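For reference, the chains in residue letters:
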Amino acid sequence: MAGYISDASSDSELNGRNTGDASHNSLSTIPDHLISRAKEIRSLILHHNEFLLIPKSISLFGNLLTLDLSNNHLTDLPKELITLKNLRKLVVKSNGLTCSSIPKDFGLLSSLEELNFSGNMFEVFPPQFTELSRLKCLYLGGNCISEMPNSIKNLQRLEVLYLGGNRLTEVPAEIGQLYYLISLVLCDNHIQSIPPTLIHLRNLQSLSLHNNQISTLPPEIVRLNLSELSLRNNPLVNKFVQDMTYEPPTLLELSGRVVKIEKVKYSKEDLPSNLRKYLSSAQRCVNSKCKGVYFTSRVEHVKFVDFCGKYRLPLLQYLCSPQCRTTPAVYHSSSDTETDEDEAMANARLRRVLLG
Amino acid sequence: MEISDSGGMEKMKYTDPKTIVPPKNLDELIEELHKVFDSDHVNVEYVTELMASYKSNPKDWKKFAIFDLHRYTRNLVDAGNGKFNLMVLCWNTSQGSAIHDHANAHCFMKVLDGHSQEELFEWPPGSEDDGEMKSKGKKLYERDQVAYISDTIGLHRVENPSHSDTSVTLHLYSPPFSECQSFDERTGNARKVQVTFWSQFGKRTPCAKLPSSCVPENN
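Residue numbers (the working numbering), protein chains in the order written: chain A, 5 to 360; chain B, 2 to 220.
No false leads were slipped in.
Reference listing, derived: stretches of chain B covered by chain A, where coverage requires no fewer than 3 residues with Cβ under 8 Å from a Cβ of chain A:
#, region
1, 94-107
2, 157-170
Far from chain A, by Cβ distances over 12 Å, these chain B residues were calculated:
#, residue
3, K25
4, I31
5, D39
6, A53
7, E180
Hint data in this document are derived by calculation from the structure and do not stem from the laboratory.
Note that the structure is a prediction, hence the values are computed from the model and not measured.
Every residue, glycine too, gets a C-beta built ideally from N, C-alpha and C.
Bound conformation, chain A alone (with noise of 0.2 Å):
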């Protein structure tokens, strides 16, 4: 992927004296009138070649910024790649890398921020790519891995994450500890469901899921600022479900109920442990006009929305009562103003979501 708005030129802050460009050639290893000039340059640009390793050589340039030598033949990086202690810009894109090709202090290069090893043949996310703590840009589109860590919650400064064209069949939730993410990209896997903790992206502008095994969303969703969201080619639903399986509550989620609703008083003294755990566990049933709570007697509910003006959601949501779907169950004739003011702000959202 291209930078932010960049255009086909080199980056700004380089001119051409210390930019190193030898790309497009049949080159097997750096030319001698660029390691002449190693101290100098901060850019060095060598795609389109024939390398089949990086030379020890490489050392010599540790003033570089920059280093993209993506379209040759490389398997391995080697360890001298780490004293280049000033990279902030590594792309080695379609070449021949795996996991194992990444030397294990890779996480040493703490200044790098931004990192592409797209079209690879990465099965497995290296784990030292979650240790650059400054790192802004990660994209790894175009090869096989089929897993994203857990760890990559690591990743705090990370604004742009591009793994379209994997194997993933799932999306840990620490994806949602990624605060400054601004893109989001995971079209051509093969996710089936997307967590929650999205909603935490605040910063999130667009969000590209097409070509997955999605079939719902996580009502979650809606309250992004988006401006773009590609969804097509999942197997979204397409009609309302009319009956999904519904249990009776049981006795304990019946007193349960009456107890959060009625807003019955209890202490230490009124409840053992485990009942009072029990009750702090309750879920407010999401038909707002409904104040019914559950705990885990619920009916799953879809319920289509317009998004983005393009789009129409199929959201998973969980009602305390198959009654709810058009009707609350429970009426309150008193309420909290807090309350309120959330309920006005989520129909608020709704509208502006319907009307597109």
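Start from chain A and add chain B according to the hints.
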């Protein structure tokens, strides 16, 4: 303005693809396109061949190659004396368009860099039948190849299928239009959309729509 599919009875200029001299650069292609579209009759096969014969050179179009993180960009190159619009579209990895029509105009699309995948769709049937749109198949276009579509052929979605490489395409629309329809693949529902440009003639134009009059003043 009439656009015909094959040479008519008269042997008019700009109808026989064998007479095409490949333009040496983008400016020459534009110059030639002005001449071709100046006449009332435009030959689809001729225009396709003419555009295909220009061998893409990044130096010609580098200044229009602006990529965005979130969506593809449209960069107006030439307003064709009001007869056509010529623009460069820049697609970052895996970016694609909605399914759209072409407002009764003709659309020629040439790949300048990378690859472009076109998926053709049938027009959705009448308003009663709310069903998934029918795909007519996908075609992959490589550098220098040219695709052609019009409303009579159908609708399409265009995307960059690569997860590693960007893609740049050159689009010619005749007559020019500022509004078309985009379609929801799952229901066939259509909505009107405005054609907006990220840049025009090399200059950034935020939220700029198509200028209503592209004909220069005759001073």
